[in-house]
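For chain A, the structure is supplied; the task is to place chain B on it using the hints.
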Amino acid sequence: MKNKNFGLSEASFEKLVADLKRNDTHFFEQVFLKQFSETLKYLRREYRASHEDAYDATMDTLIEFRTRFIDGKLRYGNLRFLFTKMASQMLLRNKQKGATDLEGQITLIDEEHKEVIDTDELGRLKKAWQTLGESCKQLLTWHYYGKMKLTEIAEEQQKSPATIRKQKERCIKQLKDQFGLKTMVKL
Amino acid sequence: MKEKLNKLSDPNISKQEEDQILEQVLKKQFDNDLRNKWKEKLDHEFGIKRNKNGFTNKKYLKIFIATAASIALIIGLQLFNTTPSDPYVLAQQYLNDQEIIHPGATKGISDENENRVLAIQMFNSKDYEQAASYFLNLEAPTEEDTYYYGLALLLNNQYNKAIVKFEENRTNSSKYIQELNWYQSIAYLLNKQPNKASSLLKQINNTDWNYEQAQLLLERINSK
Chain A
1 MKNKNFGLSE ASFEKLVADL KRNDTHFFEQ VFLKQFSETL KYLRREYRAS HEDAYDATMD
61 TLIEFRTRFI DGKLRYGNLR FLFTKMASQM LLRNKQKGAT DLEGQITLID EEHKEVIDTD
121 ELGRLKKAWQ TLGESCKQLL TWHYYGKMKL TEIAEEQQKS PATIRKQKER CIKQLKDQFG
181 LKTMVKL
Chain B
1 MKEKLNKLSD PNISKQEEDQ ILEQVLKKQF DNDLRNKWKE KLDHEFGIKR NKNGFTNKKY
61 LKIFIATAAS IALIIGLQLF NTTPSDPYVL AQQYLNDQEI IHPGATKGIS DENENRVLAI
121 QMFNSKDYEQ AASYFLNLEA PTEEDTYYYG LALLLNNQYN KAIVKFEENR TNSSKYIQEL
181 NWYQSIAYLL NKQPNKASSL LKQINNTDWN YEQAQLLLER INSK
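Residue numbers (the numbering used here), protein chains in the order written: chain A, 1 to 187; chain B, 1 to 224.
Hints are supplied without guarantee of correctness; some may be wrong.
Derived pair list, reagent style SDA-like, types lysine to any residue, alpha-carbon separation capped at 25 Å [claimed, not checked]:
#1 B:Lys175 - B:Leu95
#2 B:Lys126 - A:Gln158
#3 B:Lys192 - B:Asn205
#4 A:Lys41 - B:Trp38
#5 A:Lys15 - B:Gln215
Label pairs and their computed distance ranges (CB to CB) [stated by the list, open to error]:
#6 A:Glu14 - B:Asp97: 42 to 52 Å
#7 B:Lys192 - A:Glu169: 31 to 41 Å
#8 A:Phe81 - B:Gly47: 42 to 52 Å
#9 B:Ile177 - A:Arg45: 29 to 39 Å
#10 B:Ser199 - A:Glu169: 27 to 37 Å
Partner residues aside, some chain B positions facing chain A, computed with beta carbon under 7 Å [what the hints assert, rightly or not]:
#11 Leu8
#12 Ile13
#13 Glu17
#14 Ile21
#15 Phe30
#16 Asp31
#17 Ile48
#18 Arg50
#19 Gln98
#20 Glu99
#21 Pro103
#22 Tyr176
#23 Gln178
#24 Glu179
#25 Trp209
It should be emphasised that the hints constitute simulated quantities derived from the structure, not laboratory data. Using N, Cα and C, we set each Cβ at its ideal position, and we do this for glycine too.
Chain A on its own, in the form it takes in the complex (with noise of 0.2 Å):
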């Protein structure tokens, strides 16, 4: 069973996605980035795919896998198997620009991921996230890209779901300020 889970027991399964949600992705790269080039070597040989598309379509899986770990959606079984498909899934979606579903298991990307994101604005918002203080940064990165419930926080900082829920306005108010004001001098 650990062979199909890239050596994964169970209990480290739980840690690495544990680790996930608090964005430490040590243990991840550990584990998967050794599986790169297996992977990339698969994919040209099986699909006769360039360096380039084997590597972009490798690097999208790594992040569709460490998203689909924090949403819940991967279990313990057969990651070697559902890696190396998604990858594959990823190639044909890259070339066609089109999502294909492969055995009712891995459904690609929904439309918001194509979008069009104008890097300057992002990189406004980005200057705004800088200004934030650590436990700032630590708690919207935890909830929104960790995915940890505001309670799951408070248990972690032995806090209470009161003071955590007022701690993300606050961090989310002053966010928007920060964003608002480079937008008003901008204009």
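What follows is chain B alone, placed relative to chain A:
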């Protein structure tokens, strides 16, 4: 996405929409950051570049050994159960371990009355007796005031009064329901009312705050 980002500045934006936009934008940003980080790691540690002919296996063995060692370490980690067996001691430990800070005045309350300011100051200075007396003197206590008043009483070991205040809070609104279920359970336990604590602890759902701690307390109560 640009439209969405601009919408963040809209004062009429709903909380749900705000959450949705922030989630999408931050995901995009952090995913990009991860891509860049992993690109560098693949290059430096695994010798894999995006450009052709950039792949080498020089460091593969080293990385494999490091990874195997890390995984073995994690698998080998044993958690030692050091929690007290007495539910009263455990309840007190939970209360002591949890740092309870009043987050300050609620947004929109700008005409702070002196008692509220002092109550919050005293609460955060851990002078719970003084905090309780200031909360008591509030003319028009909010739901938040009543909740922290109850907490001040609990932290000042006035369990009976704390329970009454929590109960009063409970009937007003469900905004603090998860906190109330937890702290009132603790108050019941410290007040040596395990049956009442037990029935309240059972109301803490598996997605609620402190669910695991509640289960452990229930276990300890039942085995006593």
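Verification of the hints:
1. With a C-alpha separation of about 21 Å, the suggested pairing of Lys175 of chain B with Leu95 of chain B holds against the 25 Å cut-off.
2. Using a Cα cut-off of 25 Å, the hinted pair Lys126 of chain B and Gln158 of chain A holds, with the two alpha carbons roughly 16 Å apart.
3. A distance of roughly 23 Å separates the Cα atoms of Lys192 of chain B and Asn205 of chain B; the hinted pair therefore holds under the 25 Å criterion.
4. For the proposed pair Lys41 of chain A and Trp38 of chain B, the alpha carbon gap of about 18 Å is at most 25 Å, so the pair holds.
5. A C-alpha spacing of about 21 Å is found between Lys15 of chain A and Gln215 of chain B, which places the hinted pair at or below 25 Å, so the restraint holds.
6. Evaluation of the 42 to 52 Å hint for Glu14 of chain A and Asp97 of chain B yields a failure: the beta carbon distance comes to about 23 Å.
7. Distance hint check for Lys192 of chain B and Glu169 of chain A: the Cβ-Cβ separation is about 38 Å, which falls inside the suggested range of 31 to 41 Å.
8. Between Phe81 of chain A and Gly47 of chain B the beta carbons are some 26 Å apart, a value that contradicts the proposed interval 42 to 52 Å.
9. Ile177 of chain B and Arg45 of chain A have their C-beta atoms about 57 Å apart, which leaves the hinted 29 to 39 Å range violated.
10. For Ser199 of chain B and Glu169 of chain A, the Cβ-Cβ distance of about 33 Å falls inside the hinted range of 27 to 37 Å, so the restraint holds.
11. For Leu8 of chain B, the suggested interface contact is upheld, since its CB lies about 6 Å from the closest CB of chain A, less than 7 Å.
12. Taken as an interface hint, Ile13 of chain B does not check out: its beta carbon lies about 9 Å from the nearest beta carbon of chain A, beyond 7 Å.
13. Because the beta carbon of Glu17 of chain B sits about 12 Å from the nearest beta carbon in chain A, more than 7 Å, this interface hint is broken.
14. Of the supplied interface hints, the one on Ile21 of chain B is violated, with its beta-carbon coming no nearer than about 10 Å to a beta-carbon of chain A, more than 7 Å.
15. Taken as an interface hint, Phe30 of chain B checks out: its beta carbon lies about 5 Å from the nearest beta carbon of chain A, inside 7 Å.
16. Contact between Asp31 of chain B and chain A, as hinted, is supported at the beta carbon level, the nearest pair being about 5 Å apart and thus within 7 Å.
17. Annotation: Ile48 of chain B was flagged as interfacial toward chain A, and the flag holds, the nearest CB pair being 6 Å apart, inside 7 Å.
18. Hint status for Arg50 of chain B: holds, given a least beta-carbon distance of 5 Å to chain A, under 7 Å.
19. Taking 7 Å as the C-beta contact cut-off toward chain A, the hint placing Gln98 of chain B at the interface holds, the least distance being around 5 Å.
20. Nearest Cβ of chain A to the Cβ of Glu99 of chain B: about 5 Å, under the 7 Å cut. The hint holds.
21. With its C-beta approaching chain A no nearer than about 4 Å, Pro103 of chain B sits inside the 7 Å limit, and its interface hint holds.
22. With 7 Å as the threshold, the beta carbon of Tyr176 of chain B comes within range of chain A, its nearest partner Cβ sitting at about 6 Å, so the hint holds.
23. The closest approach between the C-beta of Gln178 of chain B and any C-beta of chain A is roughly 6 Å, which is under the 7 Å cut-off, so the hint is satisfied.
24. Taken as an interface hint, Glu179 of chain B checks out: its beta carbon lies about 5 Å from the nearest beta carbon of chain A, inside 7 Å.
25. Proximity of Trp209 of chain B to chain A holds as hinted, the smallest CB-CB distance being about 4 Å (cut-off 7 Å).
Of the numbered hints listed earlier, those contradicted by the structure are 6, 8, 9, 12, 13 and 14.
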